[in-house]
Each structure stands twice: as C-alpha cells, then as structure tokens.
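Construct all of the structure, not just a fragment, from the sequences and the given hints.
Heads up: the protein sequence lines correspond to chains R and W, in order. Oh and the first sequence: position 131 is 131 in this note's numbering, straight run, nothing missing. So this note's numbering is basically just the index in the second sequence, starting at one, shifted up by 205.
Heads up, a few of these hints could be off.
[Claimed, not checked] With a straight-line cut-off of 30 Å between C-alpha atoms, the simulated DSS-like cross-links for lysine-lysine are:
1. Lys120/R <-> Lys316/W
2. Lys316/W <-> Lys163/R
3. Lys163/R <-> Lys328/W
4. Lys261/W <-> Lys40/R
5. Lys123/R <-> Lys203/R
6. Lys261/W <-> Lys163/R
7. Lys368/W <-> Lys111/R
8. Lys120/R <-> Lys95/R
9. Lys22/R <-> Lys328/W
10. Lys199/R <-> Lys403/W
11. Lys23/R <-> Lys40/R
12. Lys198/R <-> Lys123/R
13. Lys123/R <-> Lys316/W
14. Lys22/R <-> Lys325/W
15. Lys198/R <-> Lys404/W
16. Lys316/W <-> Lys127/R
17. Lys404/W <-> Lys127/R
18. Lys332/W <-> Lys163/R
19. Lys127/R <-> Lys325/W
20. Lys13/R <-> Lys95/R
21. Lys127/R <-> Lys368/W
22. Lys332/W <-> Lys120/R
23. Lys325/W <-> Lys123/R
24. Lys95/R <-> Lys403/W
25. Lys80/R <-> Lys403/W
26. Lys403/W <-> Lys127/R
[What the hints assert, rightly or not] Residues of chain W placed beyond 12 Å of chain R at every Cβ, according to the derived structure:
27. Ser253
28. Asn277
29. Ile302
[Unchecked claim] Covered by chain W, per the in silico footprint, the following chain R stretches (three or more residues, Cβ under 8 Å):
30. 52-62
31. 108-120
32. 158-164
33. 194-202
Just so you know, these hints were derived from the structure itself, not from any lab. C-beta atoms are modelled at their ideal positions from N, C-alpha and C, and glycine is treated no differently.
Number of protein chains: 2
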Amino acid sequence: MPKPTFLNLSKEKQELLINAAKKEFSRVPLHEASISNIIKDAGIPRGSFYQYFEDKEDIFFFLFDEDSRRVNELFISIIKINNGDLFASFVDLFKSILISFDEPGNRQYIKNIFLNMNYKIEKTFTKNFFEENVKSHFSELNGLLNSENLNITSEEEMFHILKIMIVVMIQNLVHVFATELPIHEAMATFSLEIDLLKKGFYKGT
Amino acid sequence: MPKPTFLNLSKEKQELLINAAKKEFSRVPLHEASISNIIKDAGIPRGSFYQYFEDKEDIFFFLFDEDSRRVNELFISIIKINNGDLFASFVDLFKSILISFDEPGNRQYIKNIFLNMNYKIEKTFTKNFFEENVKSHFSELNGLLNSENLNITSEEEMFHILKIMIVVMIQNLVHVFATELPIHEAMATFSLEIDLLKKGFYKGT
DNA sequence: TAAAAAAATGACAACTTGTCATATAGAAAA
DNA sequence: TTTTCTATATGACAAGTTGTCATTTTTTTA
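The following block contains the structure:
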C-alpha cells in the first residue's frame, strides 16, 4: 500500500511515477526491477520514492492490484452476458486476456508478471475473485453463476470448482506467454481442458 | 547446469558447496539469495564460484532438478503400488510430500521453493513427469497408469488430465506451505478436489 | 624437466538498496 | 503578518551486492 504522502500528490505526479514503474516492470520482472531506474525515469529524487512507497514490491502490487481488479470486473460482466454459464465465461475471459496481451504497451508487462506468478501474485489475482476481505463478493459471484447444471452439493464445492478453474486458466495463460502460442491454438487447448473438467476424468463402469 | 570444472571436483568439495547453497536457499527464496553468503559459508573464494556455476540460478536448479527427479521416482513407485490408479496415486504422492515437509532440514527449503513457484520452477518440476526431452518417459508413465476407467479418447487427453492433476496438487501444496495447514486438513481439501475432478463439474441434464 | 593447459584467487568497478540529517514549503497559531 | 510547528523534499552515504579479469598456483602433457 502506498503511503499517504503518495495519495496526496497531484494526479500528474502520481502518474509520472506509475508510468515509470510500469516501464521498469515491463523491462524486467519484479525481482530484477531497480528502484534506481524508476526514479531516474520519473525524475524524482531517491528519498522521495521512499516517502511514497515501502519498496519496489509496494509499488508493484499497487499497480497489479488495480490490474486484477479490472480483470475481475471484466469477469463479472462476462458472466452476465453468458447468463451465468461458468464454462463459457471462463473461455471468454481467457480470450479477453489473450487479446489484451496483444495490445502494444501490455505485452512485456503481462509476460513478466505471468512468468513470475508466485504465491503472492497469484493470491492477489485470485483474491479479487473470492477471498477473505471480499467474502461478500464471493456471494455476489455465487449469485450470478448458474449452478443448476453444476455437479455440486454445497457452496464449498462451488468454491473449489472456481479455484480449480482459475488455476487451470492461469496455467494456460502462463504457457501461452512463455511459448508465444498463437491465440487459436491456445483457445483450442484451453477449451479441451475445460471440457475435461466438465465431463470428469473418471468413467464409472 | 554446473560447469565441467565443478563436476571434476572431489565429492567432498562438491557437497561443501551444495550444503552451503541449500542453507542459503533455506534462509531466503532464490531471488533474495546471496552468492556472497554461499561462498562465505563454504569457505571458497568468489572467483571459484563462478568457475563452477554461471550464477545463483544455476546452482539452485542443479539442486532442484535433483529434488524433482526424486519426487518423480517416488511417484512412479506409488503408481505401481496402486496398480495404476491415477487418483489414489496423486493422493498418496501429496501425502508423501507433506510428510517430507515435516522433516527437520527440509521445511524452510521446501517452503521457499513452493511460495516462489514461478514458471521456470514449475516447469522443472513438471518436466520430470512428461516433457520434451523425456518424451519416452511419458510413455512409461502412460503404460503404468490404468486408463480403463478414465474418461478419455486419446493419449492427448491423458496428457491434459495429468497436467491438471499436477497443477491442482501444486496449488494445494503451496496453500499448505503458506498457511501451515495441518496434514489432515490438507488431505481432506485435496481429496475433495480430486473427487470433483473425477466426477466432473457439469451435471448433464 | 620444460611447456602448455586448467584451475584458483581476490581486488575491483559498477552497480544496488534504505536511511538520515538537512533544507524547504505549507499550515496553524499568535 | 510574523512566528511556530508540521509535512515534505532532497541527495550524500554506508553497507551491501554482483560478475570480471589479471595473476598466481597447480596439474597435465610432451
């Protein structure tokens, strides 16, 4: 979380820093990013940076939390369009993220994030779907989704299904960003895996 | 990959370095690890380190590749015990890994790895199950697994099922290591997710 | 035993990072 | 409008890091 001092800054100065940070996080992943580069690019003195943020993780997660919140909003709207169809919604979300990857300024930034998707980053990404502080939010999601055709007996199972869908989607995204797989191939693979999840791995005899 | 010079070293000197590295990777995750600490602990001059390894990633993956190879061997033996039952085997593997986590020297080392499980680490872990250079190995796995009761129509689907099972297992492991969840609770959660995967998310109407 | 190749060594330049004493600006009080 | 107090800005600095490379030492080869 940025310190209050940062929030008191003018929008312009805030953006100056944000842009410099995004540029650095596009160049290299978080753990290789250099605060020196960010302040040089933003043209602010070193001491000021530490007046605004704890460290580079702090500014990184400030950016990323915003990004993942946007993805979540997108997901909510996609679910509505699909009348609560969980599977169709994930396929659409997947495609939307792939398309945004092809937008000019995003490519390296997104790639650096996904190829270094560790616990903390994944948790930030996922918590906007349903966690602790957002518990009420999970209910919102739960209300939007059509669970009629889902093979579940409790809300807990619904939670685990979502968890699995998300991790499978993330894994597919990582794979795409790592191998620069064309969109249509990525879509085919992801759809195949979603189908497997739908029908189940086990064939009762 | 270590340089030839390292492999020419006596086993004792190799272990000296390996142990120092493992100690450092137990203290902090890879990206925070310091070569200075490793060489100080091993009592070798700085230049020597670079004679043996490219950088800290190099020695990290030398260790981790060995670790994940051991896990794979374990997995193979577990499958045999379970007569090729994919689901039972994953549950057993999950439990084995949890138990090894409770062994003294391992705890922090394993935790640091799983909480920073990025693409490269996951790929190293996974490749020993079935990838490119080990393609023949996937066939071995494929031969061991009992696919009679699996809901698949091709070897490709089998590959995707394995991929999903692994990523779900990893996600559960990460969760356990992050929250210090007791083994029995972890087992319950993982079993529940495996059951969901078995029966499928979609209820045909 | 002399020459050539391989390995060991540690000082060094070129970076990092986070801190802190000091300077400056802004707001509140007198 | 001064004075006082508080918040912010600043950049030099200590303490650390990394990878390199000229030299020395050891081992092989001829």
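Against the earlier hints, flag every one the structure doesn't satisfy and list their numbers going up. 5, 6, 20 and 30
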